[in-house]
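**Student:** Sequence:
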Amino acid sequence: MLSFIGRKPAKNLPATLSLFPLGTTLFPGGRLGLKVFEQRYIELAKGRIADGELFGVVTLTDGGEVGAEQTFATVGTAARVLSFDMPQAGIFLLDVAGEDRFEVLHTKTEKSGLQQATVRWIPAEKKVKLPQTYAELGVILSQIMVQAGDSRFAEPFDLEDATWVGSRLVEILQLPPSIKQNLLEINDAELRLKTVYHLINRATNASAPQAS
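Residues in the sequence shown are numbered from 985 upward in steps of one, following my numbering.
Incorrect hints may have been included.
Computed cross-link-like contacts, DSBU-like style, restricted to lysine-lysine with a CA-CA straight-line distance of at most 35 angstroms [what the hints assert, rightly or not]:
1) K1095 - K1164
2) K1110 - K1164
3) K1178 - K1095
Here are the simulated distance ranges between beta carbons [said to hold, decoys possible]:
4) D1084 - A1187: 14 to 22 angstroms
5) K1030 - R1186: 40 to 48 angstroms
6) Q1127 - L997: 30 to 38 angstroms
7) T1093 - S1126: 26 to 34 angstroms
Source of the hints: derived by calculation from the structure; they are not laboratory data. C-beta atoms are modelled at their ideal positions from N, C-alpha and C, and glycine is treated no differently.
Whenever a hint applies, use it, and build me the whole structure from the sequences.
**Tutor:** Pasting the structure below:
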């Protein structure tokens, strides 16, 4: 049975987070589906379902999502479970939303193999209206949302916010993890939009038929 969990407002952010290294990058305001089957992450999932607290999503830089040998980026995004399903014993399907960014200061490995991190919280970007220069990106994202469905995105939707539009497009675009990570770490919404704009134009030009 699909179960829903109330979302708590961020008040006192914790000094430590359990980490979930992934091959993808979660941004603040983003939404992500997770299939959890490793025992260490099953225990993490159970704990966060029970208490509604945050855990940390970090991008893998080496190693796979399954296994002990992993290295990961030191800037990640805190996630909260919105809903979960357990289709069979030993498997959890989580729907999570990204909240604040953090920097990993120190990690220790628990007996279960789970990484526990001491973190520093990164202030949220200043809210900036989507510049007219990049209004086209808002239109592109709006069209994607219509085609893909709103359920792929976490509310509230804000197509006039520079950070929200840029972050959602970075999540959607097929980019190397290192580029997505770099775009997560910058604290400049307009620079992120500019980069996304050039990446989309480059991809569009590369796929356009060449005149003979």
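**Student:** Report the numbers of all earlier hints that the structure fails to satisfy, in ascending order.
**Tutor:** 3, 4, 7
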